[in-house]
Amino acid sequence: MQAEIYAYKCTACGHLHHPAHFVCVKCGGREFEQVALTGEGTLVTYTRVYNLPEGYMKPFIAFGIVEFPNGLRAAGQMGTDELQLGMRVRAEVGVVKEGVGKDFYGFIFQKAE
Amino acid sequence: MQAEIYAYKCTACGHLHHPAHFVCVKCGGREFEQVALTGEGTLVTYTRVYNLPEGYMKPFIAFGIVEFPNGLRAAGQMGTDELQLGMRVRAEVGVVKEGVGKDFYGFIFQKAE
Amino acid sequence: MRQVGIVGVGHTKFGKAGVPLVEMLSYAAVEAMDDAGIKTGKGHGIDQVFAATMGGGMINRQHGVASALVDTLNLRPAMAESVENGPASGASAVKLAYMAIASGMCDTALVVGGELMRVVSGWEATDFVATMLHPEAEYNYGLTLPALAGMFTRLYMEKYGVTEKDLAMVAVKNHEHAMHNPVAHIQLVPDLYSITEDEDAIIINPHVAEPLHVYDVCPVSDGAAALVLCAMEAGDRFPKKPVRIAGIGQATDTHAVAERAVSTDLLAVRLAAEKAYAMAGISPREIDVAELHDAFVILEIAESEEAGLFPRGEGHLAVRRGDTKVGGKLPINTSGGLKAKGHPLGATGVSQIVELTRQLRGEAGGRQVAGAKNAMAVNFGGFGNNVIATILTTGGPEKYASGNLRI
Amino acid sequence: MRQVGIVGVGHTKFGKAGVPLVEMLSYAAVEAMDDAGIKTGKGHGIDQVFAATMGGGMINRQHGVASALVDTLNLRPAMAESVENGPASGASAVKLAYMAIASGMCDTALVVGGELMRVVSGWEATDFVATMLHPEAEYNYGLTLPALAGMFTRLYMEKYGVTEKDLAMVAVKNHEHAMHNPVAHIQLVPDLYSITEDEDAIIINPHVAEPLHVYDVCPVSDGAAALVLCAMEAGDRFPKKPVRIAGIGQATDTHAVAERAVSTDLLAVRLAAEKAYAMAGISPREIDVAELHDAFVILEIAESEEAGLFPRGEGHLAVRRGDTKVGGKLPINTSGGLKAKGHPLGATGVSQIVELTRQLRGEAGGRQVAGAKNAMAVNFGGFGNNVIATILTTGGPEKYASGNLRI
Ligand SMILES: [Zn+2]
Ligand SMILES: [Zn+2]
Numbered sequence: 000m001q002a003e004i005y006a007y008k009c010t011a012c013g014h015l016h017h018p019a020h021f022v023c024v025k026c027g028g029r030e031f032e033q034v035a036l037t038g039e040g041t042l043v044t045y046t047r048v049y050n051l052p053e054g055y056m057k058p059f060i061a062f063g064i065v066e067f068p069n070g071l072r073a074a075g076q077m078g079t080d081e082l083q084l085g086m087r088v089r090a091e092v093g094v095v096k097e098g099v100g101k102d103f104y105g106f107i108f109q110k111a112e
Numbered sequence: 000m001q002a003e004i005y006a007y008k009c010t011a012c013g014h015l016h017h018p019a020h021f022v023c024v025k026c027g028g029r030e031f032e033q034v035a036l037t038g039e040g041t042l043v044t045y046t047r048v049y050n051l052p053e054g055y056m057k058p059f060i061a062f063g064i065v066e067f068p069n070g071l072r073a074a075g076q077m078g079t080d081e082l083q084l085g086m087r088v089r090a091e092v093g094v095v096k097e098g099v100g101k102d103f104y105g106f107i108f109q110k111a112e
Numbered sequence: 000m001r002q003v004g005i006v007g008v009g010h011t012k013f014g015k016a017g018v019p020l021v022e023m024l025s026y027a028a029v030e031a032m033d034d035a036g037i038k039t040g041k042g043h044g045i046d047q048v049f050a051a052t053m054g055g056g057m058i059n060r061q062h063g064v065a066s067a068l069v070d071t072l073n074l075r076p077a078m079a080e081s082v083e084n085g086p087a088s089g090a091s092a093v094k095l096a097y098m099a100i101a102s103g104m105c106d107t108a109l110v111v112g113g114e115l116m117r118v119v120s121g122w123e124a125t126d127f128v129a130t131m132l133h134p135e136a137e138y139n140y141g142l143t144l145p146a147l148a149g150m151f152t153r154l155y156m157e158k159y160g161v162t163e164k165d166l167a168m169v170a171v172k173n174h175e176h177a178m179h180n181p182v183a184h185i186q187l188v189p190d191l192y193s194i195t196e197d198e199d200a201i202i203i204n205p206h207v208a209e210p211l212h213v214y215d216v217c218p219v220s221d222g223a224a225a226l227v228l229c230a231m232e233a234g235d236r237f238p239k240k241p242v243r244i245a246g247i248g249q250a251t252d253t254h255a256v257a258e259r260a261v262s263t264d265l266l267a268v269r270l271a272a273e274k275a276y277a278m279a280g281i282s283p284r285e286i287d288v289a290e291l292h293d294a295f296v297i298l299e300i301a302e303s304e305e306a307g308l309f310p311r312g313e314g315h316l317a318v319r320r321g322d323t324k325v326g327g328k329l330p331i332n333t334s335g336g337l338k339a340k341g342h343p344l345g346a347t348g349v350s351q352i353v354e355l356t357r358q359l360r361g362e363a364g365g366r367q368v369a370g371a372k373n374a375m376a377v378n379f380g381g382f383g384n385n386v387i388a389t390i391l392t393t394g395g396p397e398k399y400a401s402g403n404l405r406i
Numbered sequence: 000m001r002q003v004g005i006v007g008v009g010h011t012k013f014g015k016a017g018v019p020l021v022e023m024l025s026y027a028a029v030e031a032m033d034d035a036g037i038k039t040g041k042g043h044g045i046d047q048v049f050a051a052t053m054g055g056g057m058i059n060r061q062h063g064v065a066s067a068l069v070d071t072l073n074l075r076p077a078m079a080e081s082v083e084n085g086p087a088s089g090a091s092a093v094k095l096a097y098m099a100i101a102s103g104m105c106d107t108a109l110v111v112g113g114e115l116m117r118v119v120s121g122w123e124a125t126d127f128v129a130t131m132l133h134p135e136a137e138y139n140y141g142l143t144l145p146a147l148a149g150m151f152t153r154l155y156m157e158k159y160g161v162t163e164k165d166l167a168m169v170a171v172k173n174h175e176h177a178m179h180n181p182v183a184h185i186q187l188v189p190d191l192y193s194i195t196e197d198e199d200a201i202i203i204n205p206h207v208a209e210p211l212h213v214y215d216v217c218p219v220s221d222g223a224a225a226l227v228l229c230a231m232e233a234g235d236r237f238p239k240k241p242v243r244i245a246g247i248g249q250a251t252d253t254h255a256v257a258e259r260a261v262s263t264d265l266l267a268v269r270l271a272a273e274k275a276y277a278m279a280g281i282s283p284r285e286i287d288v289a290e291l292h293d294a295f296v297i298l299e300i301a302e303s304e305e306a307g308l309f310p311r312g313e314g315h316l317a318v319r320r321g322d323t324k325v326g327g328k329l330p331i332n333t334s335g336g337l338k339a340k341g342h343p344l345g346a347t348g349v350s351q352i353v354e355l356t357r358q359l360r361g362e363a364g365g366r367q368v369a370g371a372k373n374a375m376a377v378n379f380g381g382f383g384n385n386v387i388a389t390i391l392t393t394g395g396p397e398k399y400a401s402g403n404l405r406i
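Residue numbers (numbering that gives the first Met the number 0), protein chains in the order written: chain D, 0 to 112; chain S, 0 to 112; chain C, 0 to 406; chain R, 0 to 406.
Incorrect hints may have been included.
Selected chain R positions facing chain S (Cβ under 7 Å, derived; list incomplete) [unchecked claim]: (1) N139; (2) R153; (3) H206; (4) E209.
Coverage of chain R stretches by chain S, computed from C-beta distances (three or more under 8 Å per stretch; other residues unrestricted) [unchecked claim]: (5) 125–136; (6) 145–151; (7) 243–257.
Below, simulated DSSO-like cross-link-like pairs (lysine-lysine); rule was C-alpha separation at most 30 Å, straight line [claimed, not checked]: (8) C/K12 - S/K8; (9) R/K38 - R/K15; (10) R/K239 - D/K25; (11) D/K8 - R/K12; (12) S/K25 - C/K12; (13) R/K328 - S/K57; (14) S/K8 - S/K110; (15) C/K328 - C/K158; (16) D/K25 - R/K12; (17) C/K15 - S/K8; (18) D/K25 - C/K274; (19) C/K38 - S/K25; (20) C/K15 - C/K38; (21) C/K372 - C/K274; (22) D/K8 - R/K15; (23) R/K328 - R/K164; (24) S/K8 - S/K101; (25) R/K158 - C/K274; (26) R/K38 - R/K12; (27) D/K101 - R/K15; (28) C/K12 - C/K239; (29) D/K25 - D/K8; (30) C/K38 - R/K274; (31) D/K96 - R/K15; (32) S/K101 - C/K12; (33) C/K158 - D/K25; (34) D/K57 - C/K239; (35) S/K25 - R/K158; (36) D/K8 - R/K38; (37) C/K15 - S/K101.
Think of the hints as simulated: they come from the structure by calculation, not from any bench. In this text the structure is predicted, and so the values were computed from the model without any measurement. We put the beta carbon where it would ideally sit given N, CA and C, even for glycine.
Extracted from the complex, chain D is given alone in its bound form:
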C-alpha cells in the first residue's frame, strides 16, 4: 500500500526523475533519494478512454499528463469531469487499479480550487 508517489532526486547532481531511473539522466549518477511528488500543477493534455483493459469495470476513464512546478511531468487518472488544456490541477494519490490481493496507488488529478 503505497499511498504516496515520489520523485527521485539524484544525490550527485540533484536532477529530479519520475518515474525512477537506474542511472541519472543528467550526470550518470546511480544514487537517488525519494522526494514526495505532490502539490498543484498544470494539465498538459488529456483524453477520455472508452475501451479499457481487463480489470476496469467502468464505461470510461479520463487520463491526463500534468506538469509540476519543479518541471516534472507525470501521467495519471483524472478525478474531475471538467477537462481543459492548461487548467490547474491538484495531485491526489488513490487506487488507480484493483489488483488481486493488492491495489495499485497512483496519481488522481483533481481540479484545483
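Model the placement of chains S, C and R with the ligands on the given structure of chain D, informed by the hints.
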C-alpha cells in the same frame, strides 16, 4: 472434441509424420492426408513425473514414448502402472488435459494383453 | 560490409486466421520461399530464420516460435531466433537478419513476422498491448496505447491546427488504398462526410480515446508476412532482381511518454530516419513511396514530418492536397497501412517491407506508384520508444563486396 | 569479417531477486559497464543493447524489455532488441550482438540476460517453461522439461551404463564448484552417500521425474548476467584485454522429441559444436574449460560427448575419474553450472560466457583453471531443439580487420 489422433501422410511421397508438419520431412511436399494412428506398439522409454504443471490435480502422471509398427514414434500418457522398456502397449485416445470449456484428447497407452 | 537484398515476399490475408500461430507463419514463409525460387525441405538454402512476434508467449502460450517454425518447415538445422520489439518486432527481425548476412555469418535468411490476436477478447488484447508501456508510471494506471495516442493527438491538433477531418481523411485514403490490396483486412471505404460531419457521425464513428474516433484507430488483426533476404553478391541466383536494403536506422526514446521534452515530438522517429538516410546516402526528397506506422492516423502525419518527407507541422496539409494518395506526389501507406490493411503486431514491420518490395518491383497492381525507385518504412515500437526506419532501393553500387559465399 | 571480443562482465547473485525485472537486469548491466570502464549516462559509448528473457511477457507482464532497459540506464538513443530462445535466449543474444558488431552496424554492444521466475508458484513456473515444447504433441499432454529429461535419462543409463550415482556425482561436483562462486544460488554441498545409498536417500532426494531425483535437477532461480562486447580492433581502448569470441555455432533439431531418429542423441549440440570449432579453428582437444547446460545433470554428460570433449558413451567415466572437476583434465561447470549456480532462463547463456571470460582472464579465484586459454559454452534451448555453442579464446590473429570504427 478430437477423439482420434492422426498421422499425416505426404500425398507426394507417402512419408508419415506425427505430429503434423507444414512441409514433408522427406520430399518437401506440402499436402498431407490424415491417417488414423492406432494399434499396438513398443514402449521406447517412460517416466513417472511428480511435479506436474498447473491444472493437474494428481500426485503423479506417467509418460512414455511409443514406437508404432509403421515406424512413427509418439509421446503420450501411460494408462498402466506396469512400466517396462520394450513392453507392448495399445494406443487408446482419452482426455489428457482438462481445459476451460474444452478438453484436450491424446494418447493414453495401455498395457497390451 | 556486405550488401543485403530482398528476393522473396509472402503475406497472408490479414483478418482472422483460424489456424494456430506457427501454421499461420508457415503460409507466409512458403509463399516467400516460392517467390524466391527456393525449395522448402532438404537442400533448402535457408541459413537462418527470424520470427517476430510479441504475443506468442502471453496470448498463444508458445515460446521458441522460430525453432518451431524451422521444424515444421523442414528447414532443420537452420539457425533460428525469436525477436520481440512490440509493434516494431517485424522491423527488428529484418534488421537482425540484415546484420546476420552483412556480417558474413550467413548468406540467406527467412524473416517471418506474425501475430495471432483474435483468439482473446478485446479487453485482453488491449491489456496485452499495454504491457509495453512503463510498468509503474503507465501500465498500472490503466493507460493503454489508445490513451497515449489520444493525448498526443489533442496536443498535435492544438499546436499545428490539425482537424478531426484531417485525421478522417488519412483514414479514408488508407481504406481506398486497401481496396487495391487483396491481403488487406478491411475492404470497405468509409464515407468522409458520414464519419465526420453527418449528424449521426458520432454513432457510426464513436470516440475510442478522445479526440480519437474508431476510424482513427487500426483494427485488431491476425496475420503474417515473410521475406527472404540474401547477400547482394548472390542476387543473380534468384529469379527476381533483388531489392536492396540501402539503409536501416533505429533509435530509442524515453519509456514513460510524459517524460519527453517536447510532447508533440517523436524523437526516435526523427533519429532513426536520419540514420537510415545517412546509411543509404539517400535524401528524403528522393523517397518515392513510404509505409508509415499509422496504428493511429495522427502517427502517419507526425511521422511524415519527423522523417523529413514534409515540413514540420505541414503533414496534414499534404493530406489535404492529396499528396499522400496513390497518384499524388509522395504516396504513403499504399498497402492500406495499419489502419485498413490491419496491424498484427509482429507482422507489421515485415508487411511494410513486403509492400515496398512489391512497389519497387512494379508488382503493386492497382495501387502501383509509377516508377518508384526508393522507398521508406517506419515501424514504431511501444509508443515511439523504439523505432526503426528502413530504406529500400532499386539502385546500388555496380559491384558488391564479396563475403565468401557458401550458397 | 570483424572480430569481436568481451571487455566487460557483470552478474547478480542468483537466487531470489526481490526487485522488478528491469531493475535486476540493470544491476548486472552497470557492473559489466564498470568492468569495461564505460561510463553510464551521456557519452556512454554503447551502440546497441540486447536483452534476453523468456518470461518477461508471460511471467512479468512486460514486453519491450530491452527498450525499457535502455531508458532506465540512460543509454538512449542506443538501439535495443529483446531476444527469446527459451533457456538459450542468453547465447542467442550474444550471437546477435556478435553479428551486429561483426557486420559493422555497431562497434559496442551491451548484452543482458535475466529471468525473474520466483514471482510465480512452482507449478506455474513448470507450466511456463513447458510452453517451449510442441503445443499439440507434448505441451497439451502435460509433458514438461523434467518429463522429457527423465525419459532421456532412462535411455542413456540403459544404453551406456550410466548409474544414478554417476548422476549424483555430477551434482556434487557442481555444488563443490559453486562453493567458490559467490554469485551461485546454492551454497551447500550434498553428501554423495546421503543422496544415493543411504536408507533415507529417497526422502532427502526424492524423485522428480523417474529416474531423476531432486539433486539431478537445477533449482528455480532469479538472476541476471551481462557482457560488454566490442570490435577487437578497438580492444585497446578498454582497461582489460578483450577475450575474443572465436566461434559461434547454432543448430536446430525436431520440435517433438519423440520424432528424433536416435533418442539418446542431441544432434543439435553436435552440429552446433562442430560449427563453432570450424569457425574458431580450434579443436575439442584444445578446450581447457567448459560450461555445459546441466539443467538436468544427464545433459552435462551427454553434451560433453556430443561436443567432442569425451568419446561417445564415456562422459560418465570422465566424471568417475574426476576429469571434470577443477584440478582435473577438463573442468566442466566451474561456475557451479545450472545445477548449483542456478538457471534463470534468459540469464544462463550470458552467465556461461561471464564465467568463461573470468576463467580466461584468470579472475576465477578458488575455482580458477590454471592457464586456461580456450573455453567452450553450450546453451541448450527447448529440449535441445535450438542449441548454441560458443568458443572463447585468449589467442587471436596479430592484426584485426578494420571496420571504420565510430567509437
Ligand atoms: Zn545526477
Ligand atoms: Zn513427401
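Given the hint that R/K239 pairs with D/K25, does the C-alpha gap stay at or below 30 Å?
-> 28 Å, holds
Under the criterion of a CB-CB separation shorter than 7 Å, is R/N139 in contact with chain S as hinted?
-> Result: holds, 4 Å to nearest chain S Cβ.
Within 30 Å, alpha carbon to alpha carbon, are C/K15 and S/K101?
-> Roughly 21 Å separates the two Cα atoms, so the pair holds.
Hint consistency between D/K8 and R/K15 [alpha-carbon to alpha-carbon, up to 30 Å] = 28 Å, holds
D/K57 paired with C/K239 [C-alpha distance capped at 30 Å] | 55 Å, violated
Within a Cα-Cα threshold of 30 Å, do S/K25 and C/K12 meet the stated pairing?
-> Within the cut-off at roughly 29 Å; holds.
Going straight from one Cα to the other, do R/K328 and R/K164 come out at no more than 30 Å?
-> 21 Å, holds
Take a quick look at whether C/K158 and D/K25 sit within 30 Å of each other, Cα to Cα.
-> With a Cα-Cα distance of about 28 Å, the restraint between C/K158 and D/K25 holds, given a limit of 30 Å.
Do the alpha carbons of C/K12 and S/K8 lie within 30 Å of each other, as the hint requires?
-> 27 Å, holds
Are the Cα atoms of R/K328 and S/K57 separated by 30 Å or less?
-> 46 Å, violated
Holds or violated: D/K8 to R/K12, with C-alpha atoms at most 30 Å apart | 27 Å, holds
With a cut-off of 8 Å between beta carbons, are at least three residues of the region 125–136 of chain R near chain S?
-> The restraint on the region 125–136 of chain R holds, since 6 of its residues have a Cβ under 8 Å from chain S and three suffice.
In the structure shown, a violation is registered for the earlier hints numbered 13, 25, 34, in ascending order.
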